[in-house]
Structures are given as structure tokens and as C-alpha cells.
Amino acid sequence: MATTSFQALTTPVAGDGAHLRRGPLALPFPTSTITKPLRRSTPLLVARAKRPGSRTAAASRQPANPSAAQKRETDEEVEVEEEMPWIQDKALDLVEFTGTVTQAIPGPRVGSSPVPWLLAVPLAYVGVSFVLAVVRTVRRFTSPRTQKKRRVSKNIFLLKSLDELFQNDREAVDFPALQELMEKTGFDMDDVIRKYIRYTLNEKTFNADAIVDLIHLRKASMLKDSEVAEILNEISRRIIQEKGPVVMDLSGFTEQGFKRKLAVQTLFGKILYLSELPEFCSRDGSLVVKEIFGVTE
1 MATTSFQALT TPVAGDGAHL RRGPLALPFP TSTITKPLRR STPLLVARAK RPGSRTAAAS
61 RQPANPSAAQ KRETDEEVEV EEEMPWIQDK ALDLVEFTGT VTQAIPGPRV GSSPVPWLLA
121 VPLAYVGVSF VLAVVRTVRR FTSPRTQKKR RVSKNIFLLK SLDELFQNDR EAVDFPALQE
181 LMEKTGFDMD DVIRKYIRYT LNEKTFNADA IVDLIHLRKA SMLKDSEVAE ILNEISRRII
241 QEKGPVVMDL SGFTEQGFKR KLAVQTLFGK ILYLSELPEF CSRDGSLVVK EIFGVTE
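Taking UniProt numbering, the leading residue of the sequence shown gets 1, the next gets one more, and so forth.
Treat the hints with care, as some may be off.
The list that follows gives simulated cross-link-like pairs (lysine-lysine, DSS-like), each with its CA atoms no further than 25 angstroms apart [stated by the list, open to error]:
hint: 1; residue 1: Lys290; residue 2: Lys243
hint: 2; residue 1: Lys195; residue 2: Lys219
hint: 3; residue 1: Lys243; residue 2: Lys261
hint: 4; residue 1: Lys195; residue 2: Lys160
hint: 5; residue 1: Lys290; residue 2: Lys259
hint: 6; residue 1: Lys259; residue 2: Lys243
hint: 7; residue 1: Lys270; residue 2: Lys259
hint: 8; residue 1: Lys290; residue 2: Lys224
hint: 9; residue 1: Lys160; residue 2: Lys149
Quick caveat, the hints were computed from the structure, so don't treat them as lab data.
Construct the entire structure; sequences and hints are all you get.
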């Protein structure tokens, strides 16, 4: 029996993975048993995995005949030659390249840097300034002084609007026009009538035209007689609160006191005249203008 020295493929199998390496080995094999030499051309080599514990058992039970052991190893080697498609080859190359580049890219720096603090200081200043500005704005709009200014502005708008309507066309002062003014100013109908009566008593000439305008306004408001009487009572109370009661004997007053008491008497005469007009207000038990001013029969 002739022996041949050749380089065989040894396959150490560990776990699920398998790889092949070429190593020199000279074993006595019959020449006739080697029919085809094993070839390797970019193949995919797969080795059948041995059963668990087979390697340990084989190491403990080494046969006396080395040729039989080599034959058993050769039987367990399987060479599967498979040509890899070029697209799969390119995909594997891309995966390897991506992994290499990913490892080469450095991660984010975690070290301390003065830049965030330089940005935090102006941002904090801007935030505090914004909060303070909002607080000042809210206080300004909710302060009593601002509310009084807003109320005065509404009063001026209401009185000017009514004056323009009366000057252009008295018949234009109707209930829809008054409702529109109520929506713009936020006043109710009682406030509209009371403010214009007080404006007429204090600022306008109390003549026939002014009285006709007041009568027309009272009819356009569609208020009841009791409601009109209460409006006159409220105007009388405010006059007394500002200027005091009516005093018939004006002796002993200073010039300023005399003017004030004279103004009270004048306002009382105007209100009393309106309260006695049947077209403006009927005689109602709720009308107590004289009692409010302190005037007796």
C-alpha cells in the first residue's frame, strides 16, 4: 500500500461556528482512495457540526489506528461550493465599510464647556425682563387709575355719539341705535340715560331743545316710569354726595361755598322740573327727589 503526503483540510468545530484551515499532514492513505482533490475557489465552506460532547468523547477515545481517525474526520468534512452573487458581495462590503466608519466617528463630547453658560446668562436676562414686563402690563391695566381713565373714555364716547345723533337727526336716536352704543361701551340702558341726563344738567344749556332731546331719549329707551324715577333719584343722591344739600339761606358762606350752594339749588330746580313733566316721568310714589335734597313744602 503506497502512502502519499498532501496538505489536508482540518476542521476544528467549536460550538455553532466552523472554519477551515490548511495544515501539513502526512498520513498513509491508499492512492486509490483519493479520487478528487479538494479545491477552494471563493467558496462558502460549511462543516457539519458535531454532536455535543462528540469532541470530548473523541479526545478521550483516540483509536490506535491513526488512519481510521483521519478517515472519520474526513467523512465529517463537507465542502459546499457556492458562488456568491455580486450584489450580496457588494452588500457585505457595504456593511463592513459602514461598521468601520461608525467606529471611526467620535461620539458627542460630554466635557464641560463655557459656551452654555455664556448663552444661559443672556437668555435668563431676557426671560426675567419678559416676566417683569408682563407683570407691569397687567398691573397697569388693572390699576384703579387705568380703570378710571377707561371709564372716562367710554363716557366721552357715549356723550359725543348721542350729541352727533341729536344734531344730525333727532329721529335717528332710536332703540337700535341705543343698543349699538350699549354694545360698544358696555353700559346698560339705565346708565346711558342717567349719564346723558347728568351731562345735560351740568354741561349743556338747559333750554327747550335740551328738554325735547331728553324727552325723545326717554321714549327711545323704552324704560318704565318707575325706572326713570329711580334714575332721577340716583342723580339726586350723587349731587348731594358731591355738593351737599340745598340751603335756602346763603348768608354767611364764603364765595366758594356760596357758588357751590347756588349750583346745588340750580341742579335741584332742573331735576324737579323734569320729574314734573308728564312726558318725561309720571308722578310715581318712588320719586323722592325733594326728600333727597332736603326740601320740604
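Can you give the numbers of the hints that this structure goes against, from lowest to highest?
Violated: none.
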